[in-house]
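Colleague: Given next are the chains, with one letter for each unit.
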Amino acid sequence: MRRWHALLTLVLLLLASPTLAVMPDEKLADPALEARAREISKELRCLVCQNQSIDDSDAGLARDLRVLVRERLVAGDSNDQVLRFVHDRYGDFVLLRPPVRPETWGLWFGPAVVLLIAGAGAAVYLRGRRKDAHAVAVSADLTPEEEARIAALLAKERGEKRS
Amino acid sequence: MIPEIGHYALVLALLLAIVQSVMPLVGAARGNVAWMEVGRPAAYGQLLMVTVAFGALMWAYIVSDFSVLNVAENSHSLKPMLYKISGTWGNHEGSLILWVLMLALFGAAVAWFGGNLPPTLKARVLAVQGMIGVGFLLFTLGTSNPFIRLDPAPLDGQDLNPLLQDPGLAFHPPFLYLGYVGFSLTFSFAAAALIEGRVDPAWGRWVRPWTLVAWASLTLGIALGSWWAYYELGWGGWWFWDPVENASLMPWLAGTALLHSAIVVEKRDALKTWTILLAILTFALSLMGTFLVRSGVLTSVHAFAVDPQRGIAILFLLVLATGGSLILYAMRAPSLKTGGLFAPVSREGALVLNNLLLSTATATVLIGTLYPLVLDAMGGSKISVGPPFFNATFVPLMIPLVAAMAVGPLLAGKRADLAGALGRLWAAIALTAVVVLWALWAHGADSVLALVGIAMAAWAFFGAIVEMAERIRLFRVPLADSIARARGLPHGAWGTTIAHAGLGVAIAGMVGTSAWVSEDIRVMRVGDTATVAGYEFRLDKVEELRVDNYITEQGTFTVLRDGAVIATLYPEQRWYPVARMETTEAAIHTTFVSDLYAVLGDRTEDGTGHTVRLYHHPLVPWIWFGSVVMVIGGLVSLSDRRFRIGVPQGRGQSGKAPSAGGIAPQPAE
Amino acid sequence: MSRVVILLPVVLFFALAGVFAYALYFKELFTGVAHNPSELPSALIDRPAPEFALPALRDDGQGLSSADLKGGGAKLVNVFASWCAPCRIEHPQLMEMAKAHGVTLHGIAYKDKPEDSRRFLEVLGDPFTRVGVDRDGRAAIDWGVYGVPETYVVDADGHIRYRHVGPLMPQDMEKMLGMVRELGR
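Residue numbers (the numbering used here), protein chains in the order written: chain A, 25 to 187; chain B, 15 to 683; chain C, 242 to 426.
Worth flagging that the hints you see were computed from the coordinates, not collected in a lab. One or more of the hints may lead you astray.
Straight-line alpha carbon distances no greater than 30 Å define the calculated DSS-like cross-link-like pairs of lysine-lysine that follow [stated by the list, open to error]: (1) Lys396(B) / Lys340(C); (2) Lys396(B) / Lys416(C); (3) Lys351(B) / Lys428(B); (4) Lys66(A) / Lys51(A); (5) Lys311(C) / Lys416(C); (6) Lys311(C) / Lys354(C); (7) Lys66(A) / Lys351(B); (8) Lys340(C) / Lys311(C); (9) Lys416(C) / Lys340(C); (10) Lys340(C) / Lys354(C); (11) Lys428(B) / Lys51(A); (12) Lys354(C) / Lys51(A); (13) Lys268(C) / Lys416(C).
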């Protein structure tokens, strides 16, 4: 089974002969539409090559999808409509920006949750460091004599450093 | 015969690694000095044996000994010598030997340079390092032996994947592994400290140079990899948020955090529990990277040697090393004493913020990389997490990080004056504003993110420069005094400035090429010209050439600006008959502030022209230039005399036992 | 409190390691299906087959359109091409299903010259009831095809019930036959 899969991959690779990604004949005459097409293409995964957007891919299917995206745009679809059109056919996997729904909450909100928890941890830690600092400062209230002695020592040290 | 010697040496290395992981540990527990001392010769011996094994494999590649299965599968007699040599590690088995070699190298390095370490700590570090070696040697010998013979030997080999036949990729893995494996040593230090039950400023100082070595290598390795992607994949992309790239980025982010938190341990005897955890996690992420790349649990354009059997073996190693050390951590960490005190607004406070953001960034990359796998395993849908996700989550974390980066080094230790520090940065603020205005003028306000990005780049760079100027009181005292001050500064301070400035340069490159690239895709016939960003590309000829192990179709472009010839570019499309693969070789002319990039595509169907892609990539060389500057910063920091061997370790350093005496004097403000 | 925090990394790590182990090893053991990151489920499962109408490949005028998929029990739709090597590997299984088991099989010739597709079927045998020509691959996109060969199980109502990606090996054939039998009732 795995062997066959490797073979399939190989065939797909051969299909995807390294020509260039976007071809001259695909480009739309209208630069605004073409720019939107490029933008959309960056959101869509080339299913054959697994980890490239269709904008970056040489594969035949990626090319077909790029052409399709442009056709939909010319037909007057909005960017979202084009993405939905492809999503309807290929499912979640084709979207490089996963849709937000309960299943993907962990993905989309995970980083923020980590930041909040870690931030709270850091805040508690920093407060601890400071509170202790305060406590130490209070408990170690110096007598005027001691302070004078420290000032003298510090002055002496500074003098030594300069020399 | 030579492959058998290599095989035998590998077995001997395993035996030595077992000795190295057991005897010093037992010796340290029982106070038996003789047993503790065994660690050193064992580490040297292991290095020697692995070197012999690696040399034997390399020899088999150099002489094209196709009776060795590994060579037959990954080499070819016609391949250029450089790629015969780099082919040694261009495959799963060989790269594992390289991995083991570096592991042994770091073990031997700590044995050699560790004269100032307390004997028990050194013994334990060597023992833990030995254990990792045992794991990987067992893995190599058990599942990935490169010395297996082939009988009868084929007449010629199957050739190395042509994409790997490239100078950038020849040296990318060694540096990457040097980084990954370098973090094994900080891991060993952390585990040894947990066994000892003691972490003090001296530990922070001992672990920092090794972290720096690993970090600098990993930085270079990642930079080489992205540089390769940039010129080889043929459209100028340099980072794709691919799982394999993320696998190297995660240890880099965690390692960068470790580099900074170890400063707090060293200077303030604080943040110890966290730093130990970070040291463990950084190496765990390196191991996990290896696991992800080699097990096939994720799909990737770069994944190689995908084999579930090996995947299970690496997973086993990962669980043993990480799980074991995390359990040890859970047992011992609560007993680590918290040390020094500092206010939230202080250099230490800034370093805590750095760690907060960097570890959140690491977690973000981790979540993004593994979420599809976890969701799929739990029966959910199959999703893709691509650049749009990371651009939306990772990039926003970098903005406060870079913003704080320029301020942090200006803050005093323990308690600092934020307003004062910002006030001293007025020049950086002004220069950043100038850069942003320039960007507005040159490129418009179409992309707000690009303006924010370029502001960050400028802020990081000028912030670092101003910080250094402040330190040496440039323009405030006579120049000679400033120079004297600059000379007197510790190398660590210089390293910080250089590395931070380098990051600013690299960010500028990333922003420049992402936001302001110009591109033209068209069919060109010989004699045609095309204009991109004011540069005129003229296609002069296209010819077919036969070189070494490939056939190439080479185009010749002359690039002109205002009628004057700037460069000649020779993009190629290569065909490797043995590997049956085609590659495109982009031609790049760099002007340092931008790259002119030309790619030759297929001949059109009527045979009269070629599809070509032409690019102008502004600032893109800065990505790698900045990365190299960062590496230089790391190396300068590494040369700090505090890290040098044989230098007395400050006040009260007995050299026998770790003590709190190793606090370095604060750099003079 | 701090004990709990200290234990957190261990717990998280082992949970993650568990997921790795499951994906790599135990999933195949428990469910019989190996973890395969590159295999995708169809987005159209349990949904009606897309609207399409393809011209006939053969001279018999038996093209393929969505209307042909409604009624007449469960059927298979196979996407193939003459340039696709794995298609040759699965072809004996397709022949067996059509000839020995009487399964209705329709074909979509994907991005292929009609004369090449015809020669392919002449040489290897023709298991198809109807064959449509999808010269530009546009109908295949509507089906969500991402690599040939692909085989779909379509029920009597014209709903897609299952998709197999890659060559149909004998054990896959058994599975499909079972599905067709069950849906055909």
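Colleague: Indicate, hint by hint, whether the structure satisfies it.
Modeller: Here is what the structure says about each hint:
1. Lys396(B) / Lys340(C): Violated, because 36 Å separates the two Cα atoms, which is more than 30 Å.
2. Lys396(B) / Lys416(C): holds (23 Å)
3. Lys351(B) / Lys428(B): Answer holds: Lys351(B) to Lys428(B) is near 19 Å, not above 30 Å.
4. Lys66(A) / Lys51(A): holds (15 Å)
5. Lys311(C) / Lys416(C): Answer holds: Lys311(C) to Lys416(C) is near 22 Å, not above 30 Å.
6. Lys311(C) / Lys354(C): holds (28 Å)
7. Lys66(A) / Lys351(B): Violated. Lys66(A) to Lys351(B) sits at ~51 Å, over the 30 Å cutoff.
8. Lys340(C) / Lys311(C): The given pair, whose Cα atoms are some 22 Å apart, holds under the 30 Å limit.
9. Lys416(C) / Lys340(C): holds (17 Å)
10. Lys340(C) / Lys354(C): holds (26 Å)
11. Lys428(B) / Lys51(A): Not OK: Lys428(B) and Lys51(A) at ~60 Å, beyond 30 Å, violated.
12. Lys354(C) / Lys51(A): It holds: about 25 Å lies between the C-alpha atoms, which stays within 30 Å.
13. Lys268(C) / Lys416(C): Roughly 19 Å separates the two Cα atoms, so the pair holds.
Violation of the numbered hints given earlier is confined to hints 1, 7, 11; the remaining hints are satisfied by the structure.
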